[in-house]
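Please construct the entire structure, taking both the sequences and the accompanying hints into account.
Here is what each chain is made of, one letter per residue.
2 protein chains.
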Amino acid sequence: MAKKGNEIKKNLEDIGKKIIEDAKRGKVPNISVPARVTNNIVFDPKYLCYVLGDKTVTRSAGNVRHVKPLAQMLKVASFCKGLVGGTKHETKRGLYYISESWGEKLKFDEQQESDNLIEDIEAIIGLPREDIHIIPNPGGSVYGDLTLKFKNPAGKWMKVNCLQTADGQTIGPRMCEAEIENCNAKMIIAIETAGMYNRLMEENAHEKFNAILVNLGGQATRATRRLIKRINEIKNIPVFIFTDGDPWGLHIAMVVMAGSAKSAHVNRMLATPSATWIGVTASDIKKYKLRSDKLKDVDFTRIKELKKDPRYKNDKRLQEELKTWEEIKKKAEQQALLKYGLRYVVDKYLPAKFKELGVKIK
Amino acid sequence: MAKKGNEIKKNLEDIGKKIIEDAKRGKVPNISVPARVTNNIVFDPKYLCYVLGDKTVTRSAGNVRHVKPLAQMLKVASFCKGLVGGTKHETKRGLYYISESWGEKLKFDEQQESDNLIEDIEAIIGLPREDIHIIPNPGGSVYGDLTLKFKNPAGKWMKVNCLQTADGQTIGPRMCEAEIENCNAKMIIAIETAGMYNRLMEENAHEKFNAILVNLGGQATRATRRLIKRINEIKNIPVFIFTDGDPWGLHIAMVVMAGSAKSAHVNRMLATPSATWIGVTASDIKKYKLRSDKLKDVDFTRIKELKKDPRYKNDKRLQEELKTWEEIKKKAEQQALLKYGLRYVVDKYLPAKFKELGVKIK
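Chains G and Z are the protein sequences, given in the same order.
Note that the numbering used here has the first sequence beginning at 3, numbered continuously upward.
Note that the numbering used here has the second sequence beginning at 3, numbered continuously upward.
Hints are not guaranteed to be accurate.
Here are the computed lysine-lysine pairs in the DSSO-like style, where the Cα-Cα straight-line distance is at most 27 angstroms [to be verified]:
#1 107/G with 291/Z
#2 94/Z with 296/G
#3 355/G with 341/G
#4 350/Z with 83/G
#5 210/Z with 158/G
#6 20/Z with 6/Z
#7 94/G with 83/G
#8 77/G with 26/Z
Quick partial rundown of chain Z residues pointing at chain G, CB under 10 angstroms, derived from the structure [said to hold, decoys possible]:
#9 89
#10 91
#11 98
#12 140
#13 293
#14 296
#15 350
Because the hints were derived from the structure by calculation, they are not lab data.
Note that the Cβ used here is the ideal one computed from N, Cα and C, for glycine as well.
Here is the structure:
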């Protein structure tokens with residue numbers, strides 16, 4: 003699935019080549035960019051996520067307001083081309099500051115400008131910015147029988163097994179692009195809170211379910227979503243997401259499954275449409291008599307929004323759960339299951355869930 | 003420095019023994035708890051951090067309002083005693099939910115109650131809750147030539163070297179209490195942002211300065227502060243803190259150095275008073291002509307607060323920097339140094355800083 007360095011470099015070069023060819027032919031140089039605007043964000047029913055439609059905007063050297071951003075785009079593409087294939091990465095914020103060395107005419111005045119340009123380039127080349135070494139914040143960690151191969155900062159190939167760590171491997175730039183050398187696990191369980199991730203680790207859920215455990219740390223970062231997607235695709239193992247029992251927890255799962263509207267231009271590279279939300283469901287709150295809090299106005303508003311969201315529309319189970327929340331008017335945290343003891347979530351709750359969802363264990 | 007499991011168990015037991023002995027002697031059972039209230043938080047000029055004074059409060063079984071919290075304290079102490087020495091840990095939130103299984107009379111009605119009790123126990127036994135296996139959120143990560151020895155969740159002793167990872171080791175419960183098996187590094191550099199941490203890693207700062215790099219990820223979690231302190235004490239190597247160039251960045255460094263007022267009862271176990279703030283200082287903003295933003299009202303207010311704070315009062319250098327901020331009215335992010343190129347921070351900025359601070363490299 004992942005493109006190789008040379009292919010990515012060529013994608014970036016092509017942006018510049020188009021400009022040169024236009025100029026050679028006596029044409030006003032221009033670049034067409036997929037439009038990242040609300041009325042061009044459409045739901046892809048096949049891939050079950052938001053993607054960009056066919057609309058494009060044109061940046062033309064003939065328009066005086068476009069000249070600077072056009073030149074900046076070439077400069078950014080050239081800078082990133084220099085990073086691809088190497089061991090260095092920068093953040094969006096770093097890129098903004100680096101532009102100061104490009105001189106008064108090319109430097110960005112606000113970070114918003116360089117952030118926008120990076121998203122334009124993502125949309126043009128159809129790849130997330132991680133692939134051109136503009137990295138998201140690290141977030142989350144992973145624990146389980148998964149061996150990854152990566153180049154360390156000195157350029158030396160190394161391997162690491164994600165059981166050979168104390169508290170899991172941080173998911174940063176090198177984990178993000180690491181090659182999956184070996185994976186003996188048969189599923190991924192992604193967990194909303196660090197506390198429950200630790201509980202599962204300490205109750206040996208990774209052995210019992212032969213699973214890779216991923217700590218999402220709340221709303222998953224792009225780095226984490228991308229790693230989950232890559233393992234899912236390359237190793238063809240299912241992904242389960244275990245969150246708090248409220249509409250916000252459910253939506254944390256949904257963003258792993260279907261991406262966000264904001265990242266429509268790269269969702270196909272980040273989303274894992276086959277992933278399944280385990281719970282804590284609204285029904286679980288009743289069934290397991292969990293300690294709960296009352297839903298607030300803001301929760302009810304969120305439920306209404308989700309009911310209409312195309313990502314939820316054709317999913318009967320999720321629609322039912324949204325309705326149940328409206329009926330019971332309660333929410334519960336995933337650690338509420340601890341009332342039955344430390345081992346309960348691994349001994350009883352998850353096995354019952356896998357049975358309910360028709361998943362065979364091991 | 004760290005107490006052993008049996009010693010900690012005894013500290014917890016002693017809480018219960020006191021109650022039993024009182025009862026045997028026909029005394030109304032009571033427990034004296036160091037008072038965690040504003041007028042008992044004092045600055046320790048020797049240890050350079052806030053600590054608790056001599057005031058105590060007494061929880062007495064003779065007071066009907068104290069009976070329940072007194073019983074709950076014994077139950078929590080007993081629960082934690084069961085964790086100490088083993089491979090399991092829980093969070094404060096987890097503890098709150100676990101209390102549901104203790105029956106109507108002992109369960110906590112609000113998490114605030116159990117959180118408070120944990121802090122009381124910390125104050126009584128003089129140890130941070132990590133030592134009784136009530137763990138903080140993981141946060142930050144560490145990269146460098148440091149080998150740690152820990153028990154994995156299955157209870158097997160393992161070793162991990164913090165260079166044998168892609169993006170650094172997550173600092174969670176096992177890293178927190180790991181034994182320091184080997185440390186070839188000669189200093190710790192703790193960094194505010196993940197972006198700059200990655201920059202230092204990719205520019206081989208860990209080799210050039212023979213350093214352990216720690217990603218604080220903003221305000222450092224207790225887990226991260228404790229690991230820094232332990233390496234500093236056990237291996238006797240200096241700690242440098244590299245933050246954004248604003249009063250908030252400086253205070254991130256200060257919390258590593260001197261702890262917070264809120265954690266006065268355990269600061270001696272978390273703070274690293276010998277640590278040094280590198281910058282970005284207010285003077286650096288001028289000297290390196292860094293791209294900057296205007297200080298806002300909220301920044302000026304913060305500067306005024308810090309000038310009066312006892313942690314800053316006798317530090318001439320920090321007082322000067324606070325004044326300089328007031329004069330230049332500007333702040334800068336640490337990544338602003340990237341205007342001079344990716345390598346500048348490691349090739350020029352940090353060496354100049356170490357020279358200025360009189361630190362020999364390697």
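The hints, checked one at a time:
At roughly 19 angstroms between alpha-carbon atoms, residue 107/G and residue 291/Z fall within 27 angstroms of each other, so this suggested pair holds. Between residue 94/Z and residue 296/G the CA atoms are separated by roughly 21 angstroms; this keeps the pair inside 27 angstroms, and the hint holds. Taking the CA atoms of residue 355/G and residue 341/G, the gap is about 18 angstroms. The hint holds against a cut of 27 angstroms. For the hint linking residue 350/Z to residue 83/G, the alpha-carbon distance of about 26 angstroms falls within 27 angstroms, and the restraint holds.
In summary, the hint linking residue 210/Z to residue 158/G is supported, as the alpha carbons are separated by about 17 angstroms, within the 27 angstroms threshold. Between residue 20/Z and residue 6/Z the CA atoms are separated by roughly 22 angstroms; this keeps the pair inside 27 angstroms, and the hint holds. With a CA separation close to 15 angstroms, the supplied pair residue 94/G and residue 83/G stays within the 27 angstroms bound. At most 27 angstroms may separate the alpha-carbon atoms for a hinted pair to count; residue 77/G and residue 26/Z exceed this at roughly 81 angstroms.
Taken as an interface hint, residue 89/Z checks out: its beta carbon lies about 6 angstroms from the nearest beta carbon of chain G, inside 10 angstroms. A cut of 10 angstroms between beta carbons decides the hint on residue 91/Z: the least distance to chain G is about 6 angstroms, and the hint holds. The beta carbon of residue 98/Z comes within 8 angstroms of a beta carbon in chain G, closer than 10 angstroms, and the hint placing it at the interface holds. For the restraint placing residue 140/Z at the interface with chain G, the shortest Cβ-Cβ distance is roughly 5 angstroms, inside the 10 angstroms limit, so the hint holds.
Evaluation of the residue 293/Z hint against chain G yields a held restraint, the C-beta minimum of about 6 angstroms falling below 10 angstroms. A distance limit of 10 angstroms between C-beta atoms decides the matter here; for residue 296/Z the minimum to chain G is near 14 angstroms, and the interface restraint is violated. Residue-level restraint check for residue 350/Z is violated (minimum Cβ-Cβ distance to chain G is 14 angstroms; threshold 10 angstroms).
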